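Visitor: This is what each chain is made of:
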Amino acid sequence: MQRGEERPGIAEIRGWLSEVPDPEIPVISLTDLGIIRDVAWQGETLVVTVTPTYSGCPATGVINLDIEKALRDRGISDLRLERQLSPPWTTDWITAEGREKLRAYGIAPPIDGTAADGRLAGRIARLSGMSNLTIACPRCGSTQTRKVSQFGSTPCKASYVCNDCLEPFDYFKCI
Amino acid sequence: MGSAVNQAAFFEWLCRVGDNCLILGHRVSEWCGHSPVLEEDIALANQALDLIGQTQFWLGLAAEVEGKGRSADQLAYLRDAAAFRNVLLVERPNGDFGHTLMRQFLFDAWHIELLRALEKSSDARVAEIAAKAVKEVAYHLERSADLVIRLGDGTEESRARMQKALDTLYPYTGELFMADASDEAVVAAGIAPAPASLKAAWDATVSQVLAEATLTHPGETYQHKGGRKGVHSEHLGFILAEMQFLQRAYPGATW
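Protein sequence lines, in the order shown, are assigned to chains A and B.
Residue numbers for the first sequence, in the numbering used here: 1 to 175.
Residue numbers for the second sequence, in the numbering used here: 1 to 255.
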């Protein structure tokens with residue numbers, strides 16, 4: 001910032017970040033996704049703290065570039081991005097608005113509290129009954145859907161298909 | 001944080017954790033474009049991506065602990081085979097799809113127990129990487145266990161292939177639970193659990209899933225070892241030749 005110039009407030013900066021789309025699912029923004037953990041001025045430096053979704057998410061580098069570009073375009077030149085791993089990102093942090101945008105885009109939003117925990121004891125018992133999450137088809141709303149694969153087009157999604165309208169769709173799985 | 005532990009031992013241990021993820025991630029990525037069905041191809045590629053992502057954290061921390069100015073990339077691309085510390089299990093060739101899934105299951109069942117224990121590490125950096133990775137590995141384990149059950153308790157052909165995979169790979173699992181002076185140092189510092197302490201939970205998971213899959217547990221067998229000390233099978237060299245080619249041929253290349 002130029003000396004003597006009024007620094008933009010945090011709320012205003014968060015507003016700018018809410019316009020930066022996720023590079024892989026451009027209908028939702030970085031703030032919808034819940035990955036902006038903090039925005040704060042440290043002296044003259046703006047520090048934006050970002051948490052990765054998945055460890056290997058290839059969008060992470062692009063996201064950092066997009067944040068830098070959005071803020072530099074608004075005149076913020078003294079900028080630092082920090083990575084924060086803990087607490088680890090969870091789909092619970094996707095905003096209500098973000099979930100609606102996902103559904104409208106054709107991706108079934110995550111159902112909170114259904115993340116895999118790797119505890120197989122109960123799972124094996126359930127397997128025989130083939131019980132599954134009830135995921136509503138984002139196209140027709142039917143809950144007659146079935147899982148095709150636990151990993152969809154990206155690590156954060158599973159592949160489903162609707163038995164009623166036959167639409168194949170992604171489910172943003174819980175983590 | 002970590003000041004009480006011998007940093008060379010800590011570095012050695014971090015390389016073991018990171019190299020397991022790196023080499024398995026690379027192995028699994030070899031399936032990209034070759035899987036029996038598209039969904040499985042994508043699933044394998046995504047799982048490889050998780051493992052490579054975790055590698056970046058572990059080897060990044062290893063480089064920091066080593067304090068010689070090396071980066072995670074340099075550790076991955078510029079070490080020779082004898083400097084790698086992964087267990088022999090993860091460098092085993094992929095074989096068929098069932099073989100790959102069996103290797104994954106045997107690894108995942110161990111990996112999740114390791115990460116659960118590491119969430120309580122005395123080193124905050126280790127604990128936070130583990131807390132991140134454990135959520136991903138829970139999905140890996142559920143997937144590999146499901147497929148081992150489905151293929152084991154499947155057709156005569158799929159069952160025979162899974163039993164063969166199990167019999168071939170089981171002798172490479174013992175190394176996951178072995179310990180040397182480096183392990184003892186990080187255990188004493190509260191950074192990591194004793195490898196042997198993970199065995200009971202791993203045994204329980206493996207026995208349960210194999211029973212469900214109608215496969216015969218190989219029982220006590222001879223166990224191969226060496227990878228964690230840098231004594232590798234011939235397979236690792238071929239992996240590195242492919243994985244490291246670009247940085248070896250064009251040192252420092254970026255894009």
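Just so you know, the hints here were simulated from the structure itself, not pulled from any lab data.
Being a predicted model, the structure only gives us computed values, none of them experimental.
Keep in mind that a hint or two might mislead.
[Claimed, not checked] Okay, the calculated bits of chain B under chain A, using three or more residues with CB under 8 Å as the criterion: (1) 29-42; (2) 54-64; (3) 124-133; (4) 219-227.
[Claimed, not checked] Some but not every residue of chain B turned toward chain A, in silico, with C-beta under 8 Å: (5) 47; (6) 114; (7) 137; (8) 138; (9) 156; (10) 203; (11) 205; (12) 206; (13) 208.
By construction, the Cβ of each residue, glycine as well, lies at the ideal position given by its N, Cα and C atoms.
Visitor: For every hint, state whether the structure bears it out.
Guide: Here is how each hint holds up against the structure:
Only when three residues or more bring their CB closer than 8 Å to a CB of chain A does the claim for the segment 29-42 of chain B stand; here the count is 3, and the claim holds. Counting residues of the segment 54-64 of chain B whose C-beta sits closer than 8 Å to any C-beta of chain A gives 3, which meets the bar of three, so the coverage hint holds. Here the segment 124-133 of chain B counts 7 residues with a CB under 8 Å from a CB of chain A, which clears the bar of 3, and the coverage holds. Evaluation of the coverage hint for the segment 219-227 of chain B: breached, as 0 residues show C-beta separations to chain A shorter than 8 Å, against a requirement of three.
Hint on residue 47 of chain B holds. Least Cβ distance to chain A is approximately 7 Å, under the 8 Å limit. Of the supplied interface hints, the one on residue 114 of chain B is violated, with its beta-carbon coming no nearer than about 12 Å to a beta-carbon of chain A, more than 8 Å. Interface restraint check: residue 137 of chain B against chain A, minimum CB-CB distance 7 Å, threshold 8 Å, status holds. Interface restraint check: residue 138 of chain B against chain A, minimum CB-CB distance 3 Å, threshold 8 Å, status holds.
Hint status for residue 156 of chain B relative to chain A: violated, with the closest Cβ pair at about 21 Å, above 8 Å. Evaluation of the residue 203 of chain B hint against chain A yields a violated restraint, the C-beta minimum of about 13 Å exceeding 8 Å. Restraint check, residue 205 of chain B versus chain A: the minimum CB separation of about 6 Å is within 8 Å; hint holds. The closest approach between the C-beta of residue 206 of chain B and any C-beta of chain A is roughly 10 Å, which is over the 8 Å cut-off, so the hint fails.
Satisfaction of the interface hint for residue 208 of chain B is found here, the shortest Cβ-Cβ separation to chain A being roughly 7 Å, below the 8 Å cut-off.
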